[in-house]
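Q: Residue numbers (the working numbering), protein chains in the order written: chain D, 1 to 169; chain A, 170 to 269; chain G, 270 to 609.
Just so you know, these hints were derived from the structure itself, not from any lab.
One thing to keep in mind: the hints can contain errors.
Straight line, CA to CA, 30 Å or less: simulated DSS-like cross-link-like pairs of lysine-lysine [unchecked claim]: (1) Lys166/D to Lys256/A; (2) Lys588/G to Lys166/D; (3) Lys166/D to Lys412/G; (4) Lys25/D to Lys343/G; (5) Lys25/D to Lys256/A; (6) Lys333/G to Lys412/G; (7) Lys256/A to Lys588/G; (8) Lys343/G to Lys412/G.
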Amino acid sequence: MGEAIAFYIIAGFILIFAVLVVTAKEAVHSVVFLVIDFLFVAALYASLGAEFLAIIQILVYAGGIVVLYLFVVMLVNLKRPPEAYADPHRRTTLGFALSAAMLLEIGVIASYGYVKPAPALAAVAAPVTGNTEEVGWLLYTSYLIPFEIASMLLLVAMIGAIVLAKREL
Amino acid sequence: MITPTHYMLLSAALFTIGVVGVMVRRNIIIIFMSIELILNAVNINLVAFSNQLQNAVGQVFAIFIIAVAAAEAAVGLGIILAFFRNKETVNIDEMNLMRW
Amino acid sequence: MVDTFVIPLLKIVIVLNATLVGVTYMVLLERKVIAWAQSRLGPMRVGPYGILQPVADAVKLMIKEDITPVRADKWLFTAAPIISMVPALIVYAVIPFGSEVSLFGRQVTLYITDINVGLLYVVSVASVGVYGIILAGYASNSKYPLLASLRASAQLISYEVAVTLTLVSVVVMAGSLSMVQIVNAQYNSHVWFVFAQPVAFVLVLIGGLAETNRAPFDLPEAEQELTGGFHTEYSGMRFALFFLAEYANMIVVSSVVTTLFLGGWLPPFPNVAAFGFLYYVPSWAWFLLKSFVFLYLFIWIRATLPRYRYDQLMNLGWKVLIPIAIANLVVTGIVRVLLL
């Protein structure tokens, strides 16, 4: 019961703030709503027993990535409203229709899973206990190479961002 | 009783909100933020199933997705800044230099 | 019922109130110590030796007119002080002020909660506090606050990297992210981590000064260049919130440094039989004493050192602290693997 209440409250806030992110007139407000949204997603992770990921969500997303967005929004200080010009070929209704179709599709798949739930798999026992230890153990054993590739990706992205954003090298 | 289906539906709704943002908004920064929403929707799914299967692999993949999101944000915002210096706009409808 | 709701709520109430009272008296302490350093008397009018000055300040700030600039973004302008205050306070949830004590026949732990990602929680909540500063500068719609908030956020983000990297080497030593487990690890190793990790200690101290915008890294509120920094346009209680958040962050940094490097609630030479008599002093007293030493050190540094230039600050952060932090982490890891 408590779990259900927590889920519905958190899910409601996630969706409300997601809608606000998309509909906010000013980009700065959008960024603030995005932070709040990510904090609620972190709360959802914590309620799912993934406390390490919840903290990483706050640390990396809310405290790192979104700060970047806020910086760019402040740097890109516009004299005219950013949405002043609309391409005449733009098909906004089509966009809504496609999104609705996709929601319907995913919903059908999800409800199929509700009717015929997948058999529960036996848990794979890690040699360590605790969420953080388990995630760390997996990252440094089975997923070591993806982990290293991710770090290379971040390095490349960092260099790329510097090259792109610097006026002259 | 909260089943994985509930999480899937939440994730689907969040994903769709993100897609609507990408399709409808013209401010490219808000489009990027919508992409972040989409990535979060995927993460919710992964973590929900990781909880259901009692297996931390889903969380490991969520961490990879967060890393990719960080890389995407850094490069994407770099491109936005470089573009803004040349054309003084962040409206995606005006970013059509490569069209002809 | 009592254990799940009443005691935690009581602890939260006590910790929050103690923090806010401590913060107001930090302001008095700072004014007094700086006055002494400059051969002045400091506040002397309100109460004996100015002991009631914080009360007078609080009354003054509360009844002052609360001004919102006309062109400001009203929504964000109101939210910004709250955003910077809340993270400064919720960090106290994981800080262990002492070990167990028995009160009214009940074993009570002197921390609100002990989560197994405690240290990461502290770092992540502190990283959210940046928003208060950035949004304050943006929402004021005024040039000095905007410049100050850009400076402040760049500074906070840069030093956050160095501090977090340094904290990892402490985690490697302790083998846990839980604050209580880190203290216990120091108990088991018979020595405070300040002796095992002196480099990390210095780095975290410097980074902590920068994270709290204290002198010599107080560029974001440099009065001479920026007329007071990101809270230039604020007045009354909203200004007071920024002020309190800064001092609350100072207490957080000193508590965290105490916990990680000076053994938290442990006396000197923990777990050594010859020094067992030190345990007659209660654990929270050791904690408060050590934290107070750090708070005093912060004020002392402010009274002593001149301010950095902005490019020097960035050079120090990126070209000195981060490489040392990485080197320290690598050495710690190698030693740890070889010795265990």
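Q: With reference to the structure, classify each hint as holding or not holding.
A: Here's how the hints hold up against the structure:
no., hint, in the structure
1, Lys166/D to Lys256/A, "16 Å, holds"
2, Lys588/G to Lys166/D, "19 Å, holds"
3, Lys166/D to Lys412/G, "24 Å, holds"
4, Lys25/D to Lys343/G, "15 Å, holds"
5, Lys25/D to Lys256/A, "22 Å, holds"
6, Lys333/G to Lys412/G, "24 Å, holds"
7, Lys256/A to Lys588/G, "34 Å, violated"
8, Lys343/G to Lys412/G, "17 Å, holds"
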